[in-house]
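Colleague: Listed below are the residues making up each chain.
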Amino acid sequence: MSQTPNIPVHDVEKDYTTLNLGPTHPATHGIFQNVLTMDGEIIVNAVPTIGYIHRAFEKLAEHRPYNQITPITDRLNYCSSPINNMGWHMAVEKLIGCEIPKRADYMRVIIMELSRIADHIVCDTVIAVDSGAMTGFLYLFQWREKIYEIFEDICGARLTTNIGRIGGMNAEFSELTWKRIHDFLEQFPKALEEFDKLVTRNRIFVDRTINTGPISAERALAYGFTGPNLRAAGVDYDVRVMNPYSSYQDFKFDIPVGKNGDTYDRYMVRMHEMWESLSIIRQAVSNMPDGPVHADLPEFFLPAKEEVYSSMEALIYHFKIVMGETDIPVGEVYHSVEGGNGELGFYLVSDGGRTPYRLHFRRPSFIYYQAYPEMIKGGMLSDAILTMSSMNVIAGELDA
Amino acid sequence: MSVTIDPNLKPDGVEGSGFFATSLDKVVGLARANSLWPLPFATSCCGIEFMATMASHYDLARFGSERLSFSPRQADLLMVMGTISKKMAPILRQVYEQMAEPKWVLCMGACASSGGIFDTYSVLQGIDRVIPVDVYIPGCPPRPEQVLDGILKIQELAKSEGVGRRNSAEYKERLAQYGLK
Amino acid sequence: MEALTPQELHDHLLSREEALFGNALVSSSVDRDFPVFEIEKDQLLAVMKNLQSHADAQFGFLTTLCGMHFPEQGEREFGVVYHLHNLPNNWRIRVKVFFPKADMKVASLSSLWPTANWMERQEFDFFGIQFQGHSDLRRILNMDEMNYFPMRKEYPLEDAGRDDKQDKYFGR
Numbered sequence: 000m001s002q003t004p005n006i007p008v009h010d011v012e013k014d015y016t017t018l019n020l021g022p023t024h025p026a027t028h029g030i031f032q033n034v035l036t037m038d039g040e041i042i043v044n045a046v047p048t049i050g051y052i053h054r055a056f057e058k059l060a061e062h063r064p065y066n067q068i069t070p071i072t073d074r075l076n077y078c079s080s081p082i083n084n085m086g087w088h089m090a091v092e093k094l095i096g097c098e099i100p101k102r103a104d105y106m107r108v109i110i111m112e113l114s115r116i117a118d119h120i121v122c123d124t125v126i127a128v129d130s131g132a133m134t135g136f137l138y139l140f141q142w143r144e145k146i147y148e149i150f151e152d153i154c155g156a157r158l159t160t161n162i163g164r165i166g167g168m169n170a171e172f173s174e175l176t177w178k179r180i181h182d183f184l185e186q187f188p189k190a191l192e193e194f195d196k197l198v199t200r201n202r203i204f205v206d207r208t209i210n211t212g213p214i215s216a217e218r219a220l221a222y223g224f225t226g227p228n229l230r231a232a233g234v235d236y237d238v239r240v241m242n243p244y245s246s247y248q249d250f251k252f253d254i255p256v257g258k259n260g261d262t263y264d265r266y267m268v269r270m271h272e273m274w275e276s277l278s279i280i281r282q283a284v285s286n287m288p289d290g291p292v293h294a295d296l297p298e299f300f301l302p303a304k305e306e307v308y309s310s311m312e313a314l315i316y317h318f319k320i321v322m323g324e325t326d327i328p329v330g331e332v333y334h335s336v337e338g339g340n341g342e343l344g345f346y347l348v349s350d351g352g353r354t355p356y357r358l359h360f361r362r363p364s365f366i367y368y369q370a371y372p373e374m375i376k377g378g379m380l381s382d383a384i385l386t387m388s389s390m391n392v393i394a395g396e397l398d399a
Numbered sequence: 000m001s002v003t004i005d006p007n008l009k010p011d012g013v014e015g016s017g018f019f020a021t022s023l024d025k026v027v028g029l030a031r032a033n034s035l036w037p038l039p040f041a042t043s044c045c046g047i048e049f050m051a052t053m054a055s056h057y058d059l060a061r062f063g064s065e066r067l068s069f070s071p072r073q074a075d076l077l078m079v080m081g082t083i084s085k086k087m088a089p090i091l092r093q094v095y096e097q098m099a100e101p102k103w104v105l106c107m108g109a110c111a112s113s114g115g116i117f118d119t120y121s122v123l124q125g126i127d128r129v130i131p132v133d134v135y136i137p138g139c140p141p142r143p144e145q146v147l148d149g150i151l152k153i154q155e156l157a158k159s160e161g162v163g164r165r166n167s168a169e170y171k172e173r174l175a176q177y178g179l180k
Numbered sequence: 000m001e002a003l004t005p006q007e008l009h010d011h012l013l014s015r016e017e018a019l020f021g022n023a024l025v026s027s028s029v030d031r032d033f034p035v036f037e038i039e040k041d042q043l044l045a046v047m048k049n050l051q052s053h054a055d056a057q058f059g060f061l062t063t064l065c066g067m068h069f070p071e072q073g074e075r076e077f078g079v080v081y082h083l084h085n086l087p088n089n090w091r092i093r094v095k096v097f098f099p100k101a102d103m104k105v106a107s108l109s110s111l112w113p114t115a116n117w118m119e120r121q122e123f124d125f126f127g128i129q130f131q132g133h134s135d136l137r138r139i140l141n142m143d144e145m146n147y148f149p150m151r152k153e154y155p156l157e158d159a160g161r162d163d164k165q166d167k168y169f170g171r
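Chains as they are written, first to last, in numbering that gives the first Met the number 0: chain A, 0 to 399; chain C, 0 to 180; chain W, 0 to 171.
No wet-lab data here; the hints were simulated from the structure. Here a beta-carbon is modelled for each residue, glycine too, at the ideal position from N, C-alpha and C. There could be a bad hint or two in this list.
[To be verified] Cβ-Cβ distance ranges computed for the label pairs, FRET-style:
hint : chain 1 : residue 1 : chain 2 : residue 2 : range
1    : A       : Asn-286   : C       : Asp-58    : 32 to 42 Å
2    : C       : Asp-58    : A       : Lys-196   : 18 to 28 Å
3    : W       : Asp-41    : A       : Lys-304   : 54 to 64 Å
4    : C       : Arg-66    : A       : Arg-218   : 33 to 43 Å
5    : W       : Glu-17    : A       : Ile-315   : 52 to 62 Å
6    : A       : Asp-289   : C       : Arg-66    : 48 to 58 Å
[As the list claims (entries may be wrong)] To give an idea of the interface, some chain W residues facing chain C are shown, with a C-beta separation under 10 Å as derived from the structure:
hint : residue
7    : Phe-33
8    : Leu-140
9    : Asp-143
10   : Asn-146
11   : Glu-157
12   : Arg-161
With the rest of the complex left out, here is chain A (with noise of 0.2 Å):
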């Protein structure tokens, strides 16, 4: 069987040019190789090639146990490892069936939406940077340092979390993390709004940004879409109105849709977005129910010091934990969320030992990069760039 790509023969009547972009290119923000056939500045076909980073989660989620596969989930979409974290957390609660209590529900919210913030930041200020704007970047890098202080508070940790427990959080938000969020809260959206400002209605902008790239919602449904690109389109899908989970139903957010799914659209989905975003962290804080921020689950939340020193019980339970011996139920469970990029599916099959039997991640940033040549075709180089940009591929959710 041939490896080889199906790139189009020479054509006697045009002299198309192959250009080789990537997969160590500036503007690929990630490593991914695309081989363009190019007829002078416009693009007539795209291959890419893919799997420069794979670094075979889904096999080593197989020899790890539970515990441990919460830090290899971070690394799916670093830009917002939380959703991430929580997404496998509430994956093997559902198998396991336990109820979350509402407070670490809110506590969940609360640091998903800051990560969500976190993810479309980086993509609009580097689509920005793609057409040559710089000081957008700099600018709001500043607040995405902010909210990494609010995560190293509650978990050490600034980019690749590893954040929270099965079964809810593993302590209260200090004093210092809620300043810090009611900080964010108040400075962050003086800074969107500049932001806003300098980038939205800028000639500049939109005149490179608008109707490149552009796909239909039938297409981005057909080649399975979900997230910022597909509402981007027209089609209002988000997986926490749709299946909502950790309580998203109590919030009430609006969800930002596009009309023609060009790379403009797709920016404004995210700027606004960012914008629901900080609604729903005000809802969440200002609604904050009171109660444990850890549902009763011994097999997986380690007991406080005091009992392992002195009961029998608690110290069994904790070497278990530890030692990722837990007894964890048969079966098999379909969990998604919604993360920085759409709908990260987490397919977890369990035959009862102490790792998963087989652990699928549906990764979105995989799934609608295949529609990439499709949405270039016919434009310019140029443009292709920008595209590429705007559909925030994130190389270690492409490649996992």
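Fit chains C and W to the given chain A structure using the hints.
Modeller: Just chains C and W now, kept in the frame of chain A:
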């Protein structure tokens, strides 16, 4: 090999009114160290921490690395950030070979240093299997302060290197170990 | 929005078994929040076409598909699991096919859903499942020169040739 960071920037020499005489090695080292042009070979999560290092809060530009070069022909410092899979290894090597001497390699993160948490069939267990590395920065991902520390160590290496090192037999032998010319 | 519980959805689809599944249905059940249908591999394309376009099903969105390997299960050693989604009504189902190692040919769904193209390439890359009718079935994530299918249970996780890590320190 431990590298001490010398806060005293001025090299030894003879100073007078309107002139400063020192050895060529030191002047060249000073110039090289304070104007390193990095090539950010960012593959995964460490790349995002590098973006944070480059941004205004930690600001890599104040150490002379204002101009990031994505073309290996114009870069001094190859910063490998993120997991390198076996599929990517030949490309990494090609990029390294395209760089002109003097060149330094900085390996950021656990994945680039030794494969990190990905002890799998598809991940190269450390880039020092294909190219020679000068500084390793541990962490998953390393904090921006650690990255700046690594860059400062590269600067110390560049400062203390000497102009003849890249033509020396010892260096050529090191390259030959990797099959490079 | 016709909201059905998983059991109701399962019964709704079973009541139209002739039209949707023909005689290909092997078994069906409700697993937590998903109706699960196992069908004969040979009729996969026809059943999927019905599920996609029949007025009472309309599963227009293929969420994901993945391969499975159960060694020592003989006739049911390998499997492919599809997750379908009917967006307007928010119906989700799971469809499974199983087949032995001797017969790894499965019909490709890329003619129905273009999204299946890369998903099937990934499962070919991992398990060696041959999708018939796929336009470009070659490896996608692993190196082209790889000569085995790594996700099969008989192959280890670690690279066999690594010499810098000793198994005894890693508990293996």
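Colleague: A separate judgement is required for each hint: does it hold in the structure or not?
Modeller: Cross-check of the supplied hints:
1. A:Asn-286 - C:Asp-58: 32 to 42 Å: Holds, since Asn-286 of chain A and Asp-58 of chain C (Cβ atoms, about 39 Å apart) stay within the stated range.
2. C:Asp-58 - A:Lys-196: 18 to 28 Å: Check passed, 25 Å falls within 18 to 28 Å.
3. W:Asp-41 - A:Lys-304: 54 to 64 Å: Since Asp-41 of chain W and Lys-304 of chain A have Cβ atoms about 59 Å apart, the given range 54 to 64 Å holds.
4. C:Arg-66 - A:Arg-218: 33 to 43 Å: For Arg-218 of chain A against Arg-66 of chain C, whose Cβ atoms are near 41 Å apart, the range 33 to 43 Å holds.
5. W:Glu-17 - A:Ile-315: 52 to 62 Å: Once the Cβ atoms are compared, 54 Å apart, the range 52 to 62 Å for Ile-315 of chain A and Glu-17 of chain W holds.
6. A:Asp-289 - C:Arg-66: 48 to 58 Å: At roughly 54 Å between Cβ atoms, Arg-66 of chain C and Asp-289 of chain A fall inside 48 to 58 Å, so the hint holds.
7. Phe-33: 30 Å, violated
8. Leu-140: Status holds, d = 8 Å.
9. Asp-143: Given a least distance of 9 Å, the restraint on Asp-143 of chain W holds.
10. Asn-146: Since chain C brings no Cβ nearer than about 12 Å to Asn-146 of chain W, farther than 10 Å, the hint is violated.
11. Glu-157: 5 Å, holds
12. Arg-161: Since chain C brings a Cβ to about 5 Å from Arg-161 of chain W, closer than 10 Å, the hint holds.
Hints 7 and 10, counting from the list given before, are not met by this structure.
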